[in-house]
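Chemist: One-letter residues, chain by chain:
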Amino acid sequence: MLKKSILLLNSCVSYSKVYTDEELIKGCIANDRHCQRALFEKYAGKMLAVCRRYESNHTPAEDLLQEGFIKIFKSISTFRNQGAFEGWIRRIIVNTALSSFRLPTAHYNQVDISEVKLNNAEASAIDRLSEKDLLQLIDSLPDGYKTVFNLYVIEGYSHKEIADLLKINEGTSRSQFSKAKNALQEKLKQSEITFA
Amino acid sequence: MKEESDNLENKIRSKLYSYSEKVPDDLWSKIETKLPAPENGFDLIRSKLTWFALADVMVMLLLVLPFCNTSKISPLSPAMSTTQTISNDSSSLGTESSFKQPITSNTNSVNKPIVTMNEGAKEPMHDIAKSTKNQVTSQSSIIPVTTTKSKSIIESSVSAPEILLSSTVTLNSTKPEEPVLSAPLSNATSIKLPSVDSSLNTSASTVNTKQTQTNESVADTVQPLPTVDTNKIKKADNMLLATVAQLPIEKSKSPKLRIEAMLGPDYYFFKNRDNTVPGFSARMDSSTTNQRAISAELLLSYYFTKRVYLKGGLSWSTLSRKYSLVHEQEIKEIYIDSVSNFYSLQDPFNLPLVIKNYDTLITISNTTNQVSSNMQYTLLDIPILAGYDFLLTKVRLGMYTGIRINCLFTKKGTEINPKNYTELDAEMSRTNYKKQLGIGYMIGINAAYEITKNLALTISPYYQTYPTSVFSSEYGLTQNWTKCGIHAGVAYFIKSKK
Chain A
1 MLKKSILLLN SCVSYSKVYT DEELIKGCIA NDRHCQRALF EKYAGKMLAV CRRYESNHTP
61 AEDLLQEGFI KIFKSISTFR NQGAFEGWIR RIIVNTALSS FRLPTAHYNQ VDISEVKLNN
121 AEASAIDRLS EKDLLQLIDS LPDGYKTVFN LYVIEGYSHK EIADLLKINE GTSRSQFSKA
181 KNALQEKLKQ SEITFA
Chain B
197 MKEESDNLEN KIRSKLYSYS EKVPDDLWSK IETKLPAPEN GFDLIRSKLT WFALADVMVM
257 LLLVLPFCNT SKISPLSPAM STTQTISNDS SSLGTESSFK QPITSNTNSV NKPIVTMNEG
317 AKEPMHDIAK STKNQVTSQS SIIPVTTTKS KSIIESSVSA PEILLSSTVT LNSTKPEEPV
377 LSAPLSNATS IKLPSVDSSL NTSASTVNTK QTQTNESVAD TVQPLPTVDT NKIKKADNML
437 LATVAQLPIE KSKSPKLRIE AMLGPDYYFF KNRDNTVPGF SARMDSSTTN QRAISAELLL
497 SYYFTKRVYL KGGLSWSTLS RKYSLVHEQE IKEIYIDSVS NFYSLQDPFN LPLVIKNYDT
557 LITISNTTNQ VSSNMQYTLL DIPILAGYDF LLTKVRLGMY TGIRINCLFT KKGTEINPKN
617 YTELDAEMSR TNYKKQLGIG YMIGINAAYE ITKNLALTIS PYYQTYPTSV FSSEYGLTQN
677 WTKCGIHAGV AYFIKSKK
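Protein chains in written order, with our numbering: chain A, 1 to 196; chain B, 197 to 694.
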């Protein structure tokens, strides 16, 4: 116990030090401000990008990030070490973002799922696009499409999980994703023309 | 085609998953204001590490302090007192010499004969007087030769030949038949000599011995006196020492046992440990209110020395508390949504899916609930403590530390089951007794005010904790308990006969 305490003390002397996730978790559970700040600085950039993908007109990304981190610090003691810590943080941020706007079910109208055909030209267009441009492209999608697309493609949720999160059924999630891909394909084609 | 699509998705994912944006500088400060306050000094004090360290220091002090007891004074060394006054008749020396002059001795002169006042020299004062042609004055006006200047010479620890021996022995007594020697020997001891040889009367004089080559101004003021018979002074010195050596030094009786009965309120601190949080449920907040706790103790202390003791006994305490838990719970429900099914059925591509999930359409609702428990605990402790007392005039001020073997004796009420956050009837069974045993440690201070020789009123604030949790229940809701309190009561001292 003494060894653990010394380790914890040493780990929290300064937040300029590079912490391991384990050290950060212990420090944050102990409500240590340095560790909390270190955790924030380590993940805030990535999580702000996550928030940007889900931000709505009502809630800017910074507010979502702020709310999400407060939730993280308050519930960090419930982290089970059963998966990646970053994944756990991301899940909380995504949940926070989604809870800030619950789209009515009408936003997730189902459409025919025809397999979207993406060719090599579109794939190369993605390569050429910067992250920011790609985000702008996705952001230009309608809210329903965008949300499902982000959750499925970037966060790696399954359609069943998306359906649970958004309170829609799985089929709706699939159709939304299909529509999102179609729309994105169109936009990529346009950008390809621009590149050409 | 599917592979191509997956490839594209992977490309987008790899590009955006780790994408990071610049965070505004003021965002952390905004978050910080909404976070619970960080651990303050009190929390730091409460940390186990600190208290273990303090307990260690206490134990070390207990081991070391008995050997540092400076109150024992050898009766042969009355000169430990820094200022002494010896009075005797000075009538033969003149009418003006009836005041007392303190002998100023350096503290380094411990264990030296009473008249040896010079710091560096080994010889007694009168030897120096003899060997260095010192001047002995009989005029009282000369006595304040201990001028500021000459004092400074002594304090500067000059070598023996250069010492201005300004110490003055005034033997003065208003009753020649019964001269009184008043010599404060220690802080609390005053000795009255029964009688001193009357030859002192004849030889008594104000001795002002000095040897100075540097302080001519002082020397000029000293008038030469007839030489005093130093043998007589020497003889008087020896008699004084012999008499003082035979004096009994009063020792206060040290207590052997101390029986204490104490009662007082307690305040408990509860720290939640690792709680099982199944599924997505998360504990949001918890609090304890309506805490009522009191304890009573019967303690027996055994004194190894006047100050060091070992304490043991029995402590009974009771605690009632209301514990509230606010939690967020995601309730999964299984239902058939006809509207969803309708939409799903319209989608020919989702038809297999609809059939698959026809009976298991799942929705999740987030709810924030609050449950509370009202529990009453009874605890029995066996403290084993070591303590050290500081002795004041009528007060014993002590510190103690040690372990407490704790047993949760009874438990009644409703407890929260964290598996589903419902209230659970809790009644301790015999099988739980063993689990509830634990060893804690405590530290406290104790003040005892003696109202009679054997009886004292005591008050004792203390802090107690349980490094081994005694409340690790099978329900998974585990807490570390610490408590502080203040007890008051009476103590009875059984003192040794010597």
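None of these hints come from the bench; they were simulated from the model. Hints may contain errors.
[What the hints assert, rightly or not] Derived Cβ-Cβ restraints for the label pairs, each shown as a range:
{"id": "1", "chain 1": "B", "residue 1": "L506", "chain 2": "A", "residue 2": "E86", "range": "33 to 43 Å"}
{"id": "2", "chain 1": "B", "residue 1": "S516", "chain 2": "A", "residue 2": "K167", "range": "24 to 34 Å"}
{"id": "3", "chain 1": "B", "residue 1": "L576", "chain 2": "A", "residue 2": "S158", "range": "47 to 57 Å"}
{"id": "4", "chain 1": "B", "residue 1": "T501", "chain 2": "A", "residue 2": "S75", "range": "51 to 61 Å"}
{"id": "5", "chain 1": "A", "residue 1": "P60", "chain 2": "B", "residue 2": "I601", "range": "57 to 67 Å"}
{"id": "6", "chain 1": "A", "residue 1": "S158", "chain 2": "B", "residue 2": "N203", "range": "16 to 26 Å"}
{"id": "7", "chain 1": "B", "residue 1": "L494", "chain 2": "A", "residue 2": "G83", "range": "47 to 57 Å"}
[Claimed, not checked] Examples of chain A residues toward chain B, derived with CB under 7 Å:
{"id": "8", "residue": "I25"}
{"id": "9", "residue": "F85"}
{"id": "10", "residue": "V153"}
Keep in mind that this is a model prediction, so the values were computed, not measured. Even glycine gets a Cβ: it sits at the ideal position worked out from N, Cα and C.
Chemist: Does the Cβ distance between S158(A) and N203(B) fall inside 16 to 26 Å?
Modeler: For S158(A) and N203(B) the Cβ distance comes to about 19 Å; the hint holds.
Chemist: Assuming the hint says 24 to 34 Å, is it satisfied by the Cβ distance from S516(B) to K167(A) or not?
Modeler: At roughly 43 Å between Cβ atoms, K167(A) and S516(B) fall outside 24 to 34 Å, so the hint is violated.
Chemist: Under 7 Å is the threshold here; is the Cβ of I25(A) close enough to any Cβ of chain B for the hint to stand?
Modeler: With a minimum Cβ separation of about 12 Å from chain B (threshold 7 Å), the hint on I25(A) is violated.
Chemist: With respect to the beta-carbon atoms only, verify the hint that L506(B) and E86(A) lie 33 to 43 Å apart.
Modeler: Because 55 Å falls outside the window, the suggested range is violated.
Chemist: So the hint says 47 to 57 Å: do the beta-carbon atoms of L576(B) and S158(A) match that?
Modeler: Given range 47 to 57 Å: holds, Cβ gap about 55 Å.
Chemist: Would the hint on V153(A) be counted as holding, given a Cβ-Cβ threshold of 7 Å to chain B?
Modeler: Holds - the Cβ of V153(A) comes within 7 Å of chain B, reaching about 5 Å at its closest.
Chemist: Starting from the range 47 to 57 Å, see whether the pair L494(B) and G83(A) falls in it by beta-carbon distance.
Modeler: At 54 Å between Cβs, range holds.
Chemist: Can the suggested window of 57 to 67 Å be confirmed for the beta-carbon pair P60(A) and I601(B)?
Modeler: 58 Å, holds
Chemist: Using 7 Å as the Cβ threshold, decide whether F85(A) counts as touching chain B.
Modeler: 15 Å, violated
Chemist: Is 51 to 61 Å a correct range for the gap between the Cβ atoms of T501(B) and S75(A)?
Modeler: Holds: the Cβ-Cβ distance is about 55 Å, inside 51 to 61 Å.
In this structure, the hints that do not hold are numbers 1, 2, 8 and 9, in rising order.
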